[in-house]
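Participant: With these hints in hand, go ahead and build the complete structure from the sequences.
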Amino acid sequence: MSLITFDPARVPTFQVAAKDLLGDTQMRKNVRHATDVIQNKRRIVVDEMPDWQELRESGRQIKQHTLKHLDHYLEQFEANCTKAGGVVHWACDAAEARAIVVDLVRKSGSGEVIKIKSMTTEEIGLNTGLEAAGIKAYETDLAELIIQLGHDLPSHIVVPALHKNRQQIREIFKREMNLPDLGELPADLAEAARTFLREKFLRVKTGVSGANFLIAETGGVCVTESEGNGRMCLTLPETLITIAGIEKVIPRFRDLEVFLQLLPRSATGERMNPYNSIWTGVHPTDGPRAFHIVLMDNARTKILADEESRQTLYCIRCGACQNTCPVYRQTGGHAYGSVYAGPIGAILTPQLQDMHHGQSLPYASSLCGACYEVCPVKINIPEVLIHLRHKVVEQDTQGFGALNPEAMAMKAMAMLFTSERRFRAAQRLGRIAESPLVNKAGWVTWLPGLLGGWTQVRDLHEMPKQTFREWFEQRGANNGH
Amino acid sequence: MRVSLFITCYNDTLFPATGKAVVQVLERLGHTVVFPAGQTCCGQMHWNTGYQEEALPLLPRFVAQFKDAEAVVIPSSSCVAMMREHYVKMAQRIGDAQLIADVASLLPRVWEFSEFLTKKLGLEDVGAYFPHRVTYHASCHGLRSLGLGDGPAKLLRGVHGIQLVELKGLEQCCGFGGTFAVKNAEVSSAMLGEKVQAILNTQAELCTACDNSCLMHIEGALHRQRTGVRTMHLAEILAGSESGSEGTTT
Numbered sequence: 001m002s003l004i005t006f007d008p009a010r011v012p013t014f015q016v017a018a019k020d021l022l023g024d025t026q027m028r029k030n031v032r033h034a035t036d037v038i039q040n041k042r043r044i045v046v047d048e049m050p051d052w053q054e055l056r057e058s059g060r061q062i063k064q065h066t067l068k069h070l071d072h073y074l075e076q077f078e079a080n081c082t083k084a085g086g087v088v089h090w091a092c093d094a095a096e097a098r099a100i101v102v103d104l105v106r107k108s109g110s111g112e113v114i115k116i117k118s119m120t121t122e123e124i125g126l127n128t129g130l131e132a133a134g135i136k137a138y139e140t141d142l143a144e145l146i147i148q149l150g151h152d153l154p155s156h157i158v159v160p161a162l163h164k165n166r167q168q169i170r171e172i173f174k175r176e177m178n179l180p181d182l183g184e185l186p187a188d189l190a191e192a193a194r195t196f197l198r199e200k201f202l203r204v205k206t207g208v209s210g211a212n213f214l215i216a217e218t219g220g221v222c223v224t225e226s227e228g229n230g231r232m233c234l235t236l237p238e239t240l241i242t243i244a245g246i247e248k249v250i251p252r253f254r255d256l257e258v259f260l261q262l263l264p265r266s267a268t269g270e271r272m273n274p275y276n277s278i279w280t281g282v283h284p285t286d287g288p289r290a291f292h293i294v295l296m297d298n299a300r301t302k303i304l305a306d307e308e309s310r311q312t313l314y315c316i317r318c319g320a321c322q323n324t325c326p327v328y329r330q331t332g333g334h335a336y337g338s339v340y341a342g343p344i345g346a347i348l349t350p351q352l353q354d355m356h357h358g359q360s361l362p363y364a365s366s367l368c369g370a371c372y373e374v375c376p377v378k379i380n381i382p383e384v385l386i387h388l389r390h391k392v393v394e395q396d397t398q399g400f401g402a403l404n405p406e407a408m409a410m411k412a413m414a415m416l417f418t419s420e421r422r423f424r425a426a427q428r429l430g431r432i433a434e435s436p437l438v439n440k441a442g443w444v445t446w447l448p449g450l451l452g453g454w455t456q457v458r459d460l461h462e463m464p465k466q467t468f469r470e471w472f473e474q475r476g477a478n479n480g481h
Numbered sequence: 482m483r484v485s486l487f488i489t490c491y492n493d494t495l496f497p498a499t500g501k502a503v504v505q506v507l508e509r510l511g512h513t514v515v516f517p518a519g520q521t522c523c524g525q526m527h528w529n530t531g532y533q534e535e536a537l538p539l540l541p542r543f544v545a546q547f548k549d550a551e552a553v554v555i556p557s558s559s560c561v562a563m564m565r566e567h568y569v570k571m572a573q574r575i576g577d578a579q580l581i582a583d584v585a586s587l588l589p590r591v592w593e594f595s596e597f598l599t600k601k602l603g604l605e606d607v608g609a610y611f612p613h614r615v616t617y618h619a620s621c622h623g624l625r626s627l628g629l630g631d632g633p634a635k636l637l638r639g640v641h642g643i644q645l646v647e648l649k650g651l652e653q654c655c656g657f658g659g660t661f662a663v664k665n666a667e668v669s670s671a672m673l674g675e676k677v678q679a680i681l682n683t684q685a686e687l688c689t690a691c692d693n694s695c696l697m698h699i700e701g702a703l704h705r706q707r708t709g710v711r712t713m714h715l716a717e718i719l720a721g722s723e724s725g726s727e728g729t730t731t
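From first to last, the protein sequence lines are chains G and S. At the far end of the first sequence sits residue 481, using this note's numbering, and the numbering has no gaps. At the far end of the second sequence sits residue 731, using this note's numbering, and the numbering has no gaps.
A few of these clues could be false.
Claimed, not checked - Some but not every residue of chain G turned toward chain S, in silico, with C-beta under 7 Å:
no., residue
1, A18
2, A132
3, I135
4, T331
5, E373
6, V393
7, F417
8, T418
9, E420
10, F423
11, Q427
12, W454
13, Q456
14, P464
15, T467
16, F468
What the hints assert, rightly or not - Computed Cβ-Cβ distance ranges for the label pairs, DEER-style:
no., chain 1, residue 1, chain 2, residue 2, range
17, G, G23, S, Q706, 15 to 21 Å
18, G, Q395, S, E551, 17 to 23 Å
19, G, R271, S, E686, 43 to 49 Å
Read the hints as simulated data drawn from the structure, not as lab findings. Heads up, the beta-carbon is just placed ideally off N, CA and C, and yes, glycines get one too.
Facilitator: And the structure:
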């Protein structure tokens, strides 16, 4: 089985991928259904909170404060984790993080690992890296298992197999687990996964996890989940290796009070996650004998350096922005060409990849603001999108780039708007230029060039014979003003 | 009150009927409408598409035209949102202390048309008559950036003869999004498809909103599909009267 990753060098742009995916009516139906269900659950448990807006503001402030003093809190975490018997490793980028993990797995003496759902490991293509080193990785989160067995890619940060429905999942399990008589009830599928996974939990000696929060004050690590499979991976193996982005640190244990309210309600519409695991180093009589944590930068410090977009790092990976996004609702997650899809992906992915996806992802939004409204840590995603668009334009209009048709048109329009005389002339010229395209009924049904996208599905009524300002002035003259 | 009208570039050029209706409603309510002739565009299209340097000169232009206004009324939520969300930052980027001060003093006097009626004037019934089945589309900028809430719906419920039908999925974007509509035409049209379906389900004769930008997009599909359903800016409905309305003729 060859594992797949989102390779920035090979994934198509959002526009191209979205066009294809819009043809997948089953996927679109699954995404609409799943996001509607989660959103409705979220709405109920958010609306019942009298202090939800204050909680959001607290979450935002804790993140803002922590990032401002990130060096301090990371070192504090390192010291406390080390004191408790953990081993802290530092990785600049994805390649270094993969190499550290491969090395640690080898030293643990195991040729295989069990994994807790972790988007950070997806971000760095860890499974591919492990496979290249001859190490077999087993995903144990139900959704990640579906993705792995289906030779698929995650499409959502909380519900990676959100684009699949129950019947499709049954087909994957039947085929990959060799269960020709598998039923289609949720209990049947859960039982199949349980039987499949339990054997791995009991056999595999090395576990790999991500982290939801790193607690600087105690050196503890927190993982929240719904299934309990994560708890298995955290407690049964002899060696546990955790990979976390450096932005996951929070100052104090009590800060969890805020995040453990915000996260489950935003992510799955639950008042509390069924499993909240917090562990600190190693303990002689319980859990793994060895604990390693890889603290990874992978472009996070670059994002931190950009004053206007550093709020991207506040993200606690709840996926609420994905569920509410009207664009994601139509295309699903794969269109974004990254493990981070939806609005958060549209701002995070380009920044993680040196603006590689800058051409398309910051524009994959109508700026409707629904994401900002639901974000539990108040990331102003539309503001960051606009900032990234500006960066893209600055990059693209260097040298000959200034001659691209969009840039030329934008500059020409800006010229019109800075002069009343030119603006009036353009209004008149617009009517003349448009006239050959207007049909007898007064509608434009075809437009050339960049504007062709408009008339693909929409008509445009013809320009009125008189502008408002012409009418207003004429009226003033008639009234003797 | 002496009301200064910022009509916006696309209303001026493509939707003069909306401007006429705004004038009609405000004059019917006893206010005087002035139109500073040097006005052009708020800069939203350039700013939101990433052409920030091109948008910057439009700020001092707007301020020069309107800084002495008693109230500025704008029949477009997205242009008002542009001003409230970005003008302070733009003024700071330009770095002119006088401009920064002028923007700070001017912004509280800038009103979207419906919020001027409901919040500034405290009105719900503006004496309009419009005997049609109508559904209201809440544009994202009106809903989220301006927090118009049910202000526009209150104005519509105050219209005599109207049959107002609630639109399902009111909080969901119609897919316009400015240059998004052409840059991501396929996704935009998929979003529009859901919105059009919701509008048709209401069996309304027409769909109204506080933004002609959304309406132009929605109208484009309603017409292409020959649904027979029209779109009309809220101001044009409020301009309707028993004695007939010049505002509603396009």
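Participant: Against each hint, give a clear statement of whether it holds in the structure.
Facilitator: Results for each hint:
At a threshold of 7 Å, the smallest CB-CB gap from A18 (chain G) to chain S is about 5 Å, leaving the interface hint in force. Given hint, A132 (chain G) at the interface with chain S, is violated; its Cβ is 36 Å from that chain's nearest Cβ, farther than 7 Å. Proximity of I135 (chain G) to chain S is violated relative to the hint, the smallest CB-CB distance being about 39 Å (cut-off 7 Å). For T331 (chain G), the interface hint holds, the least distance from its beta-carbon to any beta-carbon of chain S being 6 Å, beneath 7 Å.
Nearest Cβ of chain S to the Cβ of E373 (chain G): about 6 Å, under the 7 Å cut. The hint holds. Of the supplied interface hints, the one on V393 (chain G) holds, with its beta-carbon coming within about 4 Å of a beta-carbon of chain S, less than 7 Å. Nearest Cβ of chain S to the Cβ of F417 (chain G): about 4 Å, under the 7 Å cut. The hint holds. With a least beta-carbon distance of about 5 Å to chain S, the hint placing T418 (chain G) at the interface is held under the 7 Å criterion.
Checking E420 (chain G) against chain S: minimum C-beta separation of about 5 Å stays under 7 Å; hint holds. Contact between F423 (chain G) and chain S, as hinted, is supported at the beta carbon level, the nearest pair being about 5 Å apart and thus within 7 Å. With a cut of 7 Å, the hint placing Q427 (chain G) at the interface with chain S holds, because the nearest CB-to-CB distance is about 5 Å. Given the 7 Å rule on beta carbons, the hint for W454 (chain G) holds: about 5 Å separates it from the nearest Cβ of chain S.
Against a cut-off of 7 Å between C-beta atoms, the interface hint on Q456 (chain G) holds, since the closest Cβ of chain S lies about 5 Å away. Annotation: interface hint on P464 (chain G) holds; nearest CB of chain S at approximately 5 Å, less than 7 Å. Hint status for T467 (chain G) relative to chain S: holds, with the closest Cβ pair at about 5 Å, below 7 Å. Satisfaction of the interface hint for F468 (chain G) is found here, the shortest Cβ-Cβ separation to chain S being roughly 4 Å, below the 7 Å cut-off.
Restraint check, G23 (chain G) to Q706 (chain S): a C-beta distance of roughly 20 Å satisfies the suggested window 15 to 21 Å. In this structure the supplied range 17 to 23 Å is violated for Q395 (chain G) paired with E551 (chain S), their Cβ-Cβ distance being about 44 Å. A beta carbon spacing of about 45 Å between R271 (chain G) and E686 (chain S) agrees with the range 43 to 49 Å that was offered as a hint.
Against the hints set out earlier in the document, violations occur for numbers 2, 3 and 18.
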